[in-house]
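A.B. asks: Here the protein sequences come in this chain order: G and P. Under our numbering, the first residue of the first sequence carries the number 0, and numbering increases by one thereafter. Under our numbering, the first residue of the second sequence carries the number 314, and numbering increases by one thereafter.
For the record, the hints were derived by calculation from the structure and aren't laboratory data. Just to be clear, a hint being listed does not mean it is correct.
[What the hints assert, rightly or not] Computed Cβ-Cβ distance ranges for the label pairs, DEER-style: (1) P:Glu-380 to G:Pro-80: 48 to 58 Å; (2) P:Ile-320 to G:Pro-60: 23 to 33 Å; (3) G:Phe-73 to P:Glu-328: 41 to 51 Å; (4) G:Pro-83 to P:Gly-353: 13 to 23 Å; (5) P:Gln-327 to G:Glu-61: 40 to 50 Å; (6) G:Gln-79 to P:Ser-365: 43 to 53 Å; (7) P:Thr-390 to G:Gln-79: 43 to 53 Å; (8) G:Arg-21 to P:Gly-354: 12 to 22 Å; (9) G:Pro-53 to P:His-388: 43 to 53 Å; (10) G:Gln-79 to P:His-388: 41 to 51 Å.
[Stated by the list, open to error] The calculated lysine to any residue pairs, modelled on SDA-like cross-linking and capped at a C-alpha distance of 20 Å, are: (11) P:Lys-349 to G:Glu-43; (12) P:Lys-349 to G:Pro-80; (13) G:Lys-77 to G:Asp-55; (14) P:Lys-369 to G:Thr-103.
[Said to hold, decoys possible] Over the 12 Å line for every Cβ pair with chain P, so calculated as not near, a few chain G residues: (15) Gly-2; (16) Arg-21; (17) Arg-40; (18) Asn-50; (19) Pro-60; (20) Phe-64.
Ideal Cβ placement from N, Cα and C applies to all residues, glycine included.
Each chain is listed here by its residues.
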Amino acid sequence: DAGVIQSPRHEVTEMGQEVTLRCKPISGHNSLFWYRQTMMRGLELLIYFNNNVPIDDSGMPEDRFSAKMPNASFSTLKIQPSEPRDSAVYFCASSFGVGQTGNTIYFGEGSWLTVV
Amino acid sequence: GQQVMQIPQYQHVQEGEDFTTYCNSSTTLSNIQWYKQRPGGHPVFLIQLVKSGEVKKQKRLTFQFGEAKKNSSLHITATQTTDVGTYFCAADKLSFGAGTTVTVRA
Chain G
0 DAGVIQSPRH EVTEMGQEVT LRCKPISGHN SLFWYRQTMM RGLELLIYFN NNVPIDDSGM
60 PEDRFSAKMP NASFSTLKIQ PSEPRDSAVY FCASSFGVGQ TGNTIYFGEG SWLTVV
Chain P
314 GQQVMQIPQY QHVQEGEDFT TYCNSSTTLS NIQWYKQRPG GHPVFLIQLV KSGEVKKQKR
374 LTFQFGEAKK NSSLHITATQ TTDVGTYFCA ADKLSFGAGT TVTVRA
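Using the sequences and the hints, build the whole thing.
C.D. replies: Okay, structure coming up:
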């Protein structure tokens, strides 16, 4: 079975540009998570969806960040406008269920974003 | 989500030695999961603990869930270079600790 698929794997963009990261969760999983990982802040949960509905977006840093999940097999994380401090690895992950009753979280390989 | 603290943040180990990393929470957890992330890779699930006092083993790795379900530990025996990476605990599958980054000297 294919795992969580993310694109792009690497992106270098200029400050002020819009960045869109894409994710295809594992088929059958109904929960999707976006994480950001940096050396300074570690692995941070940005937002998660359950059955395509955003449940908790308290981790989204600011209004420049937005996430959508139009259907069960696709999600996007958008940064507009991007800033150098957004440089990080962005992981998408999926599971069946969420939180205490959910199952193992499977991570994609990450999107490595550099904003210059 | 639950907040979990991991110690130590870094662990530099001589090959062949044992070490333990700890995960602590101020509140009772329903479950705890452990993940490993190799350098340049993504977190990969290792194990889940659910029951109070539960102990699970995977070859040289021993995972334990505290009696009060507020802490957990990962003990690695006879460390090998393949153990290099960052080990994360996750509380209730949502809140990840800061991780323990392990390096091994041959």
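A.B. asks: Each of the hints needs a verdict: does it hold here or not?
C.D. replies: Consistency of the hints with the structure:
1. P:Glu-380 to G:Pro-80: 48 to 58 Å: About 50 Å separates the Cβ atoms of Glu-380 of chain P and Pro-80 of chain G, which means 48 to 58 Å holds.
2. P:Ile-320 to G:Pro-60: 23 to 33 Å: holds (27 Å)
3. G:Phe-73 to P:Glu-328: 41 to 51 Å: holds (44 Å)
4. G:Pro-83 to P:Gly-353: 13 to 23 Å: 21 Å Cβ-Cβ, so the 13 to 23 Å window holds.
5. P:Gln-327 to G:Glu-61: 40 to 50 Å: For Gln-327 of chain P and Glu-61 of chain G the Cβ distance comes to about 44 Å; the hint holds.
6. G:Gln-79 to P:Ser-365: 43 to 53 Å: holds (47 Å)
7. P:Thr-390 to G:Gln-79: 43 to 53 Å: holds (49 Å)
8. G:Arg-21 to P:Gly-354: 12 to 22 Å: holds (20 Å)
9. G:Pro-53 to P:His-388: 43 to 53 Å: violated (38 Å)
10. G:Gln-79 to P:His-388: 41 to 51 Å: holds (46 Å)
11. P:Lys-349 to G:Glu-43: holds (16 Å)
12. P:Lys-349 to G:Pro-80: violated (33 Å)
13. G:Lys-77 to G:Asp-55: Answer holds: Lys-77 of chain G to Asp-55 of chain G is near 17 Å, not above 20 Å.
14. P:Lys-369 to G:Thr-103: Holds, at roughly 16 Å.
15. Gly-2: The assertion about Gly-2 of chain G is violated, with a minimum of 9 Å to chain P.
16. Arg-21: Non-interface label stands for Arg-21 of chain G: nearest chain P Cβ at 16 Å, farther than 12 Å.
17. Arg-40: Non-interface label fails for Arg-40 of chain G: nearest chain P Cβ at 9 Å, not farther than 12 Å.
18. Asn-50: holds (16 Å)
19. Pro-60: The claim holds: Pro-60 of chain G sits with its nearest Cβ about 16 Å from chain P, beyond 12 Å.
20. Phe-64: About 18 Å separates Phe-64 of chain G from the closest Cβ of chain P, which puts it past 12 Å; holds.
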